[in-house]
Amino acid sequence: MADEPLHYGEDYHFIHATSAASGLGVSVLPDLYCHTIQIVNICLVGRPDDHAFVLVDAGMPGSADDIVSVVEDRFGSGSRPQAIVLTHGHFDHVGAIVELVKHWNVPVYAHPAELPYLTGKASYPEPDASVEGGFIAKISPFFPNEPIQLGNRVQPLPADGTVPHLPEFRWIHTPGHTPGHISLFRPRDAALIAGDAFVTVRQDSLYKVLTQQIEISGPPRYYTIDWRAARESVRKLAALFPSVAITGHGAPVAGKELREGLTKLARDFDRIATPDYGKYVH
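Just so you know, we're using the UniProt record's numbering here: the sequence shown kicks off at 1 and counts up by one.
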């Protein structure tokens, strides 16, 4: 039987949302580059002169051309990653994945618990417009939520915690925001790619999203379905004492600002991050 064609959910569409950081990139480390696509970050892991790199996450719907341009600006014309690793499968992290897989013909890796949302089998729970928060939470029901279909192009990450093509990194299961959410950590220099396990901008505040005001915060409220697991995931990451962190939303953070902010978030998670009310709040 022929493989089902790769496609997005029927509700996928361009999202008219942006921030002050959109289109900007920063070399956090010589081999760690963060670039903002509208309101979300992608990460390129690899030194430009090596031409061997991995893309972490795949941006917003309609951003494939922008991502290809970012890659070619950094690694050279015609460059392509060895693989794409997904921290999770929400629309703003897989928005260009179908076009990128077709363009580059590269494998995609995700946690096994995330595969149903990436192979057409299950939709995520509906976003919570009732959750305590700002304007973005109220409009979250308009965000794409149906599963995408990557078929056999997406593979489960190795069970031993290794990351294909990134031998120095380990993947860490950090559920709560989604069942199969992962973060990536490199023990050598304590570099962390956290996805949405925590973020550095209050994603439920329209003003803070637009201005990208730095504030180490819990995962986006309107899409987080298990707050107990989210709390434990933050504590797990704080215990690693990362030196630098790239998160799914907001600017990269390092040093004392990261250490103190993440320690505080882990200690006071229920007060800082967990909403007072919402359909996923217990």
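Any given hint could turn out to be false.
[Claimed, not checked] Simulated pairs of lysine to any residue, SDA-like, Cα-Cα distance not exceeding 25 angstroms:
| id | residue 1 | residue 2 |
| --- | --- | --- |
| 1 | K121 | G62 |
| 2 | K236 | P164 |
| 3 | K279 | A113 |
| 4 | K102 | I15 |
| 5 | K264 | Y280 |
| 6 | K138 | F241 |
| 7 | K279 | E232 |
| 8 | K264 | A254 |
| 9 | K138 | A251 |
| 10 | K121 | A83 |
| 11 | K121 | R74 |
| 12 | K102 | E126 |
| 13 | K264 | R228 |
| 14 | K256 | Y280 |
| 15 | K102 | Q149 |
| 16 | K102 | D50 |
| 17 | K279 | R228 |
| 18 | K279 | A254 |
| 19 | K256 | S27 |
| 20 | K102 | Q155 |
| 21 | K121 | G9 |
| 22 | K264 | I172 |
| 23 | K138 | Q155 |
| 24 | K236 | A254 |
| 25 | K138 | A254 |
| 26 | K279 | A122 |
| 27 | K264 | E215 |
| 28 | K256 | V281 |
| 29 | K138 | I15 |
| 30 | K138 | A159 |
| 31 | K102 | S69 |
| 32 | K256 | D270 |
| 33 | K279 | E146 |
| 34 | K102 | K138 |
| 35 | K256 | E168 |
To be clear, the hints were calculated from the coordinates, so they are not data collected in a lab.
In rising order, the numbers of the hints this structure does not comply with:
Hints 6, 11, 12, 14, 18, 23, 25, 28, 30 and 34 contradicted; others consistent.
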